[in-house]
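Fit chains B, C and D to the given chain A structure using the hints.
Protein chains in written order, with my numbering: chain A, 1 to 498; chain B, 1 to 542; chain C, 1 to 304; chain D, 1 to 313.
Errors might be hidden in some of the hints.
Pairwise CB distance ranges, derived in the manner of DEER restraints [claimed, not checked]:
(1) Arg-78/D to Val-286/A: 19 to 25 Å
(2) Val-60/C to Ser-78/A: 50 to 56 Å
(3) Asn-214/C to Asp-33/B: 30 to 36 Å
(4) Ser-185/A to Arg-78/D: 52 to 58 Å
(5) Glu-397/B to Lys-7/C: 52 to 58 Å
(6) Ala-188/A to Phe-52/D: 52 to 58 Å
(7) Gly-206/B to Lys-7/C: 56 to 62 Å
(8) Ile-173/C to Leu-497/A: 30 to 36 Å
(9) Asn-476/A to Phe-52/D: 52 to 58 Å
(10) Glu-128/B to Ile-282/C: 47 to 53 Å
(11) Gly-459/B to Lys-7/C: 48 to 54 Å
(12) His-249/B to Asn-214/C: 41 to 47 Å
(13) Leu-324/B to Arg-224/C: 33 to 39 Å
(14) Val-389/A to Ile-117/D: 33 to 39 Å
Below, simulated BS3-like cross-link-like pairs (lysine-lysine); rule was C-alpha separation at most 30 Å, straight line [what the hints assert, rightly or not]:
(15) Lys-151/B to Lys-213/C
(16) Lys-126/B to Lys-205/C
(17) Lys-124/B to Lys-205/C
(18) Lys-63/D to Lys-330/A
(19) Lys-388/B to Lys-212/D
(20) Lys-80/B to Lys-213/C
(21) Lys-213/C to Lys-173/B
(22) Lys-173/B to Lys-205/C
(23) Lys-146/B to Lys-213/C
(24) Lys-205/C to Lys-151/B
The set of hints was computed from the structure by calculation and includes no laboratory data. Small disclaimer: the values here were computed from a predicted structure and weren't measured. A virtual CB, placed ideally from N, CA and C, is assigned to each residue, including glycine.
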Amino acid sequence: MKHSMLWAGALLATTALSPAYAQDSAVTIVLGEEPDLVEPCMATRSNIGRIVLGNISETLTELDVRGDEGLKPRLAESWELVNDNTWRFKLREGVTFSDGSTFDAADVKHSFDRAKSDQITCEISRYYEGIEITPSVVDEHTIDFTTEPAQPILPLLLSLLTIVPSETAIEFTREPVGTGPYVMSNWAPGQSITLERRDDYWGEAPAVSTANYVFRADPSVRAAMVQAGEADIAPSISAIDATTDMDASYPNSETTYLRIDHSVAPLDDKRVREALNIGIDREAFVGTILADGTQVATALNVPTTLGWNADTEARPYDPERAKALLEEAKADGVPVDTEILLVGRTGNFPGATETYEAIQSMLSEVGFNIRLQMVEVAEHEQYYSKPYVQDQPVLVGAQHDNSRGDPVFSMYFKYHSEGRQSGIADVKADDLITRATAATGDERVALWSELFGYLHDEVIADALLFHMVGHARVGNDVEFTPTIATNSQLQLSEIGLK
Amino acid sequence: MADHLLEVRDLSVRFHTAQGIVNAVNGISWHLDRGETLAILGESGSGKSVSASAIMNLIDMPPGEITSGQILFDGVDLLKKSEEDRRRLNGKRISMIFQDPLGHLNPVYPVGWQIAETAMAHGKPKDEAYARALALMERVGIPDPKASMDKYPHQFSGGQRQRLMIAMALVLKPDILIADEPTTALDVTVQAEVLSLLEELQEETGMGLLLITHDLGVVAEAADRAVVMEGGHIVESGTPRELYHHAQHPYTRKLLAAAPGKGEMRDPASDEQPILRVQNLQKSYGSFAALKGVNFDLHAGETLAIVGESGSGKSTIARLMLHLEPASGGKVLWKGEEILSKTPREMGPLRRQLQMVFQDPTQSLNPHMTVFQIISEAWVIHPDILPKSQWKDRVAELLEQVGLKPEHALRNPHQFSGGQRQRIAIARALALEPDLIICDEAVSALDVSIQAQVIALLGELRDRLGIAFIFIAHDLPVVRDFADHVLVMQRGQVVEHGTVRQIFEAPRQGYTQRLLAAGLDSDPDVQAERRSQRLALAATQA
Amino acid sequence: MKTMLGKRAVSSLISLFVLIVMVFFLSRLTGDPAALYLPVDASEEMRQNFREIHGLNDPVIVQFGRYIGDLVQLDFGESLRKARPAIDVVLEAFVWTLWLALITMALVSVAAIVVGSIAAFNVGRPFDRVASVLSLIGASAPDFWIAIVGIVVFSVSYGLLPTSGTGTVWHWILPIAVLFIRPFGLILQIVRGSMINALGSPYVKTARAKGVKNRPVIFVHTLRNAMLPVITVIGDQAAALLNGAVVVETIFGFPGVGKLMIDSILQRDFNVILAAIMVTAIAIFLMNILIDIAYALLDPRIRT
Amino acid sequence: MTMTDTSDTVRAEEDPAKPVSGLRRVIAMLWADKLAFVAALFLLVIVLCAVFGPMFLQDMAAKTNLRARNAPPFELERGFFFILGGDALGRPLLARIIVAAQNTMMVAAGAVVASMIIGSALGLIAGYTGRWVGEAIMRLADVIMSFPSLLLAVIVLYMLSPSIANLVLVLAITRIPIYLRTTRAEVLEVRQRMFVQAAIVMGASNFRIVFKHILPVILPTLLTIATLDFAFVMLAESSLSFLGIGIQPPEITWGLMVSQGRQYLTSAWWLAFWPGLAIILTTMSLNLLSSWMRIALNPTQRWRLEIGAKKNG
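Excised from the complex, chain A in its bound form (with noise of 0.2 Å):
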């Protein structure tokens, strides 16, 4: 026995030394779940963008979360727009992958190929579907990109789009190759994550020499490890865990919201959306179930975004009215008594589980016939996407996130009759969806906010529940502060020693 515990030691020595034993001007940040791979076309997923976005690999186009300077330049100079279907970009000089070749339009444009290339499923490359986008090598600094129909957003579109050499391989690769500030050093699979500072960075050197990222999947453990000082940063833990003086709040750019169907009666009455949405006592979850800061939601995306409609007001919390709707509507023969499932995902936000149970109660009060059901992801896509559940009513409750700043990554896709977990079938939605996404300037945000409103006031397209807000634990001998973006990335460029 004594044998095996010292083989054990043995054998531990072999593996990835503890975060406690890196050198100085090293951080180590808990994440909840290993990235199944540091590919960077895959990097919106947040996992995966943690850790490469920023870091490993570098786009041309950045957006600005902690000031508004809206977009700002990154590997790209400057951008125009030459006509009204292509754009320009000048591309920084000087800049050098971790792989020591320098980076050019050629990378580029291999870079946009790889992404949408079949025979690999990128995740970045759904932003540029329905899009004709054709990349063109001007010169070694100077790349087109044509598109068809015109596409105002494209610069917002390339700040998602990782540039990697033009040499690498058209299948995932567990070595990235990227412009960024990092290297990754070492990967110990269900263990950690090394980054590693380069030295021919083109930027500015950032103060973290050496980054360890590890992984635990119960966020109560991630607040621990923190407290006990093994780890320097966990971006997202729990609310309830969030009371020492090391934990900060950021909005996440999380909207959650219940999605109706509205083919299935009774949902299909504009009367029951409304009772639903009054039915709901919003403010009381805020500073209980959920983290004080998190916002009552009027519209699917957050207020930093364009377009985001000041004037649309959340309908104050009304029990009385409610009961009024579905009396009417009952009148009216509407079949108010059928039984409508509510669809939860188990662990989808922290304190979903009491969120969801809170408000099956409060619309039972009100005299829904409401049935709540937990699931896990894999059921929950099953309501969530189309085709739908058409048996009987169904609320999903679900969380959309988009921190891009523009609308046109959610509305398409959650609005548009064509969209895959749109609720809706609305004519004047499809057509304003439409229009805005080829506008822009003004008129682009017009458009988007008439659409909020409409959707919000007129259509009562679902019930909207809150903006939430994430939690960070950040240890104290380094500096960060959690910014909107901190969801889908965590440059270590932000981070600061103390």
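What follows is chains B, C and D alone, placed relative to chain A:
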């Protein structure tokens, strides 16, 4: 007055049991000196082993409890000594051997080590201990002692195991050897050998031997003095001769009367068609032939005794006849029709005609059923025998027939003594109104007095109901007053077949003669004679 | 013995095959991996493309044929999510589980046997009572509950041990402690029971009559006989651990096969599930053989 | 040996225990083992809660009241049922624990009974019929044993909806092998006993032999296992809820309550503590009871209890 080597004075022990407090022995006293052999004679439950356990400090307390008395060894009261002191005596100055050596030897250690352990437990160095062990194994007559040292108990025969036990007990040349039923589970011939081995060893070492037994024969053969126990009391004591010829206490007389092989022998007088013909019956397990072609006939109302030592194949015959095992060859004709080849279904109705009474009544009765259920099950299986309405009366009738009370019908088997259980088993067999009952060692597990009663019962049933019996036994005296014909078996073969008179009065085969000679007689004088015969035989045949 | 092992190997192979068949087909009834792998707003052609790449479009029976075909060449297929050979992923994780199981069972066996024997020798006395009650309390508590309380107390409040993860010997203490509790309680009871029986057996009487001291009576004469039933139980418990201690591994971020299993089940990473099942099944088979050997070593009656 | 000898004769003499006194005897033997006695009482209470709890407390247990959120225990101003505090939605914990008893017991009992019946039935067949059938059944047992229970849970709960019944199904399937193997092993031994042979000689049918003669002998063993398994299943159920498979709100079981309360361990310990305690006490009681049974059902050990009974009774 420590004039005896070992003296038990006014010893009382009681046990707390499910049925309340049982006084196992009440104020018994006896003594034992160097070189002499004292026999404690008694039947199960008489408490004959209790004083021995007390001496060896083997009574678990609770449930046991010594309420009064002294055990003086060399004049010192053991009961006042410390656990440790008593441990030091055990195995060194007082040793004990038990019935059922297989259970009492540790199955997972080599016998050599187990013997040596006695010495090592008392501080002898390893090599010396092993040397002694080897010497003793040689002395008690284990073949190829060196190799046997590393063998395990299950690799020895019953007799050899008892020899090993003896070796284990004598490693340190104790002053006293307690032998608790040392030969009960053994074949007659082996029993004789073991007993004489004990005597020789006693002469060599001059130890005192305490012999606990239920068998008058053993007493007659080996004891200098004997005490007779019943129900926890010593009812009588004296030399074997005194006890045999001038028994005072009724219980002693009862015991003597019960000893088998004293009554009148029967002469078979039937010549009509046999109901059962067994022809060239064979059974082999793989390459080993357990039964090598057995033939015999049985007439209605007759009794055939099949006698042989363990491994002779006598029980196999029964098991084959009753389809408990498939036969490898031969025929069994029951009332003219061949039954070995019958399917279970065809066999069904026939089964009620052929019944069996097993050796161990404790195991052959389902502990979860009441006596009523056990007996009436026969009619559940064969409804045509008796309408349900009459079951109750019939059960009562049967119970009375086998000498039990009707009200016993509601009890469970465990509430009866061994003998009573065997009576129930018989009642169960009778319930089917069979033509033939096979008794497989049906009485060998019972006390002598009970044995006699059960045999008497069977005889009575035979005469009254005209049932034929096949009576399987391992020693001859038991069958002497009961059987018409005797079949002597050895190693799967019939050695000798004849009428009971012929077998007992003029045995032709050497093996039969040896069997007879080895049987112990309760009359010391007869026994002395037998002994000389036995030795003579051994000499001639060796 | 050898022939017996042969038989065992064959029968185990049969069950393993049946197992694979069942898992393969049943798991494919539980939804479309594409839906889980791809982001919710991925388009239909993207999903089609994904299924195409991973051959999920063919009829299941065809997929099965292909799988078995590869399997006979010891190709366990690729992990859907990790873009690596499934078997590598599994073996990586299995090493951890193996160590966890080995160390835990070693500790459990020794502790349970010693305490159990002493308890059996003092049936009904305080030691016996305390031992069984304490072991019971431990064995009755939900393991995730113990685990988290353990972290809160030992790591956060007193900072004695690392909360979780791997790295040093210290990291192993909490997980092992949590895993230890339940089998300990169970085996303790078995040991106690079978010791009580063994202590009542004739050969113990003989040993006493020989004047053997109490200690050897318990630890030499009785224990070895009492071990026979215990070994089987130890085997079962070890098997359970080899299947992966899901809860513990999840909480302590221990990269074992249990966590891998639950993850790949929830993500429908079929190849990994199958590979994991096969690896553990084989490991358990080998362990059972060890158990048999141990049995034969303890009990000469089985050898001959 | 000595003891059995003596008691043997005594048995023969003294009056047979009347069936009536059976119950009293059991109680006396329980009383002899104080711990077991308390355990039995506790279980009785739980059963009562399970049967009647939901009838009276269902609504109270479901009524959310965010103002009483995580109300601390041992305060009565919110009413007696808040004595153990309130949960994250301000529902009285005591009420919820009582109501949850029903589901918890139904899951555990359902799973145990189902697996015991199926398992031992298969075991009897495997043990008594020809070796081919037996072999097949044993292989089946192997398969079930190495079939990851989590996967099974996901499969069943995905294809059929997650409900108490289906959870019972899952747990039952995973427990079958235990009973199957034990039963088979026992049958192989018991069928060699004399009284079984005697029944054969009398011409009893296989059915009769199996159910009248063999089953009653092995039943005690099975029951002991069952009591232990009961505890095991309860814990398994809670682990499933912890992993997000298995029972889901608004259904409640103790296991679910613990796993929901675990995230509050640092801020409101009582959420996870009380249901956890309920599980611990119940499983403990079952364990104690089964170890008592192990003695009470074993004739060679029973005297330990009987003396106790005499001393204390």
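Hints and how they fare:
A C-beta distance of roughly 23 Å is found between Arg-78/D and Val-286/A, which places it inside the suggested range of 19 to 25 Å. The hinted window of 50 to 56 Å between Val-60/C and Ser-78/A holds, with their beta carbons roughly 54 Å apart. Between Asn-214/C and Asp-33/B the beta carbon distance is about 32 Å. The supplied range of 30 to 36 Å therefore holds. Separation of Ser-185/A from Arg-78/D is about 57 Å and conforms to the stated range, judged on CB atoms against 52 to 58 Å.
The hinted window of 52 to 58 Å between Glu-397/B and Lys-7/C holds, with their beta carbons roughly 54 Å apart. Range check, Ala-188/A to Phe-52/D: about 55 Å between beta-carbon atoms, so the 52 to 58 Å window is met. At about 58 Å, the beta-carbon gap between Gly-206/B and Lys-7/C stays in the expected band of 56 to 62 Å. Our hint of 30 to 36 Å for Ile-173/C and Leu-497/A holds, since their Cβ atoms are close to 31 Å apart.
Separation of Asn-476/A from Phe-52/D is about 54 Å and conforms to the stated range, judged on CB atoms against 52 to 58 Å. About 51 Å separates the C-beta atoms of Glu-128/B and Ile-282/C, a value consistent with the hinted range of 47 to 53 Å. Under the hint 48 to 54 Å, the C-beta atoms of Gly-459/B and Lys-7/C, about 53 Å apart, fit the expected range. Between His-249/B and Asn-214/C the beta carbon distance is about 42 Å. The supplied range of 41 to 47 Å therefore holds.
With their beta carbons about 35 Å apart, Leu-324/B and Arg-224/C fall inside the hinted range of 33 to 39 Å. At roughly 36 Å, the beta carbons of Val-389/A and Ile-117/D sit within the given window of 33 to 39 Å. Distance restraint check for Lys-151/B and Lys-213/C: the Cα-Cα separation of roughly 24 Å lies within the 30 Å cut-off, and the hinted pair is therefore satisfied. Restraint check for Lys-126/B and Lys-205/C: the C-alpha separation of about 23 Å stays at or below 30 Å, so the hint holds.
A C-alpha spacing of about 21 Å is found between Lys-124/B and Lys-205/C, which places the hinted pair at or below 30 Å, so the restraint holds. Restraint check: the Cα-Cα separation between Lys-63/D and Lys-330/A comes to about 26 Å, which is no more than 30 Å; the hinted pair holds. A threshold of 30 Å between alpha carbons decides the hint, and for Lys-388/B with Lys-212/D the separation of about 19 Å falls inside it, so the pair holds. The straight-line distance between the Cα atoms of Lys-80/B and Lys-213/C is roughly 19 Å, inside the 30 Å bound, and the hint therefore holds.
Proposed proximity of Lys-213/C and Lys-173/B is supported: the alpha carbons are some 20 Å apart, at most 30 Å. This hinted pair checks out: Lys-173/B and Lys-205/C have alpha carbons roughly 20 Å apart, not beyond 30 Å. Note on Lys-146/B and Lys-213/C: the hinted pairing holds, with a Cα-Cα distance of about 27 Å set against a maximum of 30 Å. Annotation: proposed proximity of Lys-205/C to Lys-151/B holds, straight-line Cα distance about 21 Å (limit 30 Å).
Violated hints: none; the structure is consistent with every hint.
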